[in-house]
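A.B. asks: Here is what each chain is made of, one letter per residue.
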Amino acid sequence: MDDNAVEILLVEDNPEDIELTLRALKKSKLANNIVVAEDGEEALDFIFARGKYSDRSIVRSPKVILLDLKLPKVSGIDVLREIKKDPRTSIIPVVILTSSTQEVDMEESYKLGANSYIVKPVNFENFIQSLRQMNDYWLVLNRLPSR
Amino acid sequence: MSLEEIRSDSAERRSGFLDEIESLLNPVLEVGSDGSVIFQNAACLSILSLNGLKDPGIFLPDELSQEIWKSKDPFSFNYEKTIGENIFFVSLNRVPGTDIARVYAFDITQKKVQERRLNETKELLSKVIGSVTDMLYALDKELRYIYWNRASEEMTGLKYIDVIGKHVTEVFPENATTAKAMASYRRVLQRGKPESSIFEYSNRIKTSILEINIYPLGEGVSVFARDITEQKNVEKKLEIERRKLRQILDYIPEGIYMVNENYDIEYVNPVLIEKYGPIEGRKCYEFFQGLDAPCAWCKQDKILSGQPVRWERRSERSGRIYDLIDIPVFNNDGSLSKLQVVHDVTDTRTYQEKVEQLNAELEARVAERTTQLEAVNKELEAFAYSVSHDLRAPLRAVDGYSRIVEEDYANVLDSEGLRLFGVIKRNIKKMDQLILDLLALSRVNRTELVKSKLDMTAMVNSIFNEVVTVEVRGKVKLSVQKLPEVYGDSVMMKQVWINLLSNALKFSALREVITIEVGGYSENGTNTYYVKDNGVGFNQKYANKVFEIFQRLHSSREFEGTGVGLSIVQRIIHRHGGSVRAEGEEGRGATFYVSIPER
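Taken in sequence, the protein lines are chains W and H.
Each number in this note's numbering comes from the position in the first sequence (counting from 1) with 855 added on.
Each number in this note's numbering comes from the position in the second sequence (counting from 1) with 880 added on.
Since the hints were made in silico from the structure, they are not lab data.
Check each hint, because a few of them may be wrong.
[Stated by the list, open to error] Negatives, chain W to chain H, calculated, CB over 10 angstroms:
#1 Glu893
#2 Ala904
#3 Asp910
#4 Pro927
#5 Lys939
[As the list claims (entries may be wrong)] Examples of chain W residues toward chain H, derived with CB under 10 angstroms:
#6 Glu871
#7 Glu874
#8 Leu875
#9 Ala879
#10 Lys925
#11 Lys975
#12 Glu980
#13 Phe982
Think of the CB as a built atom: it goes at the ideal place given N, C-alpha and C, for glycine as much as any other residue.
Using the sequences and the accompanying hints, generate a full structural model.
C.D. replies: Dropping the structure here:
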């Protein structure tokens, strides 16, 4: 495994949520290499190695993407659609991470090929619990097919 | 003259007499006192020979006493004798001063037959007259009764013998009716022409109406009287009915008229006369339209085929709209008349148009409102979305950073500081629950119902196991009756049971034994379900408040809650077209009822 490989791409615009999520992930020793994109456009730039990430290689894709739905510029749903549309990225597991309990979102996300859906609980401990479960599944158990 | 003297009478004189007798066509014979036949003429002989007889004594009486000859007095006998088929009137007379009787026989056969026939005719006539059940009587020219039949006896109660030969005024009281009758009799007598009139005759029992026909009868009159009381009553009824019908036609606000096949007006009711003027033998098209030929739109063809027609027409002249009903009426002579009912529906049509216009406007307004509502709904959806997303995010931050402070600065905080953080976290939790409940409530309003047949008994049992916590499971006594099935939205109905059952558990939590009873019944197409607990209950005067949003009857210190759960129940039941109610008593438990249509 490449040490520099990005383990998690966190797409989140809320700075507090970013801080809390990073703290939770790190404190639980869940992931070492976490990249944060603060809007949909940046996320797509990173994933498809363009814009300020044009020197990146597209094949070194993150092992999992934590995607908030409510994002500036390009919405989370659109980001998801782009990822799943492109055969080079469609295989990356995407976990929808949002505070929305709206069923329309959930349905829409699954339709577009989201792999999991986590409603961010207010209670921080519950959130950590959710993240850990997510991590166990997508980073430990769910191996990507080797390229 | 003695017998001998006669015998010896001048032959000349006697022979001349006998010659005369001989020539007579009637049988004549002479017999002596000793019974011997002295003479018989040719007619006598021919009658006898015609009947194969010889003895002319057959013309003599059956017994002729010898005594009568003893005196010299003349005698005479008249009698009838039948010889063969002939009947004879026989006269036997003593020839004066002699002992000879001369017998003359006259053939009266013809007369007898006529007499018998006459009698027979008389009998028949009296039978015929007797069979007549109408009054029949006759009066002579003096107005005295000469005939009075049985029906007359029955009608008047006056017997034949009490009437015959008496004058009208001796039989009937002198009153107006009698005077009128007598005047009629006299007119017929005078003019010799029959007359008819109607009389009212009253005896002690009843009044009858008599139709009297008086016929001249030679020197008198015959009267034929018939009781027409019954017939008159029927006629009177018919007349009354006719009058009623006419009244209906006269007072009916609709125009009604009748025309024959030639468009001649046979009847027009007053409404139409008032509007169009007198009929004056005009044709219908002249009367109504002022045309000189039948109207182009006339439905006469249909009527002539015997079919009623209902149609509508807008008059070009008046601009009014008429609902017309044409009814064929069959006449006795086989022709058809048209009865038309004219109903002015202009106002009705105008109202209808107005109503339709208003309806259209209303529909447009409803559509507009619906669009507005849909827009509002969309806004609401967006609002709910941001509530769930944007309100929860800062809450999450508050919670998260509180924990960071607790974890990273635990050594700087005293126990009071830690207690205060506890208060913050408890309130965060509460606010989060409030937001989630609000979202659930808004979802109930927005989500479309998907109905299916629901096994409520199974649903209650499975949900109870989901909502009951480990801590209280041991002390709960749940009884679930067989609940009627219902058509409803499965997700929403589950929410109803979750809320009702968790409510019951929550408010009974302090009891040593929690008793929860779930029941239901079907009545007039409506299913009612209830959940009864033995919890803290509530005051019945607040029964309506329990379903109001954010309305709580207990403090948060006693029982946690946001006051949204029962509101959600109410919304779901209302969306199913049902109703909710609650019964409670402080300290003695509560019962919540939900009623929803079976389908």
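A.B. asks: For each hint, tell me whether it holds in the structure or not.
C.D. replies: Here's how the hints hold up against the structure:
1. Glu893: 14 angstroms, holds
2. Ala904: 30 angstroms, holds
3. Asp910: Correct as stated: the minimum Cβ-Cβ distance to chain H is 33 angstroms, above 10 angstroms.
4. Pro927: 13 angstroms, holds
5. Lys939: It holds; Lys939 (chain W) is separated from chain H by about 22 angstroms at its closest Cβ, greater than 10 angstroms.
6. Glu871: Cβ of Glu871 (chain W) sits 4 angstroms from chain H, so the hint holds.
7. Glu874: 8 angstroms, holds
8. Leu875: 4 angstroms, holds
9. Ala879: 8 angstroms, holds
10. Lys925: 5 angstroms, holds
11. Lys975: 6 angstroms, holds
12. Glu980: 8 angstroms, holds
13. Phe982: Since chain H brings a Cβ to about 7 angstroms from Phe982 (chain W), closer than 10 angstroms, the hint holds.
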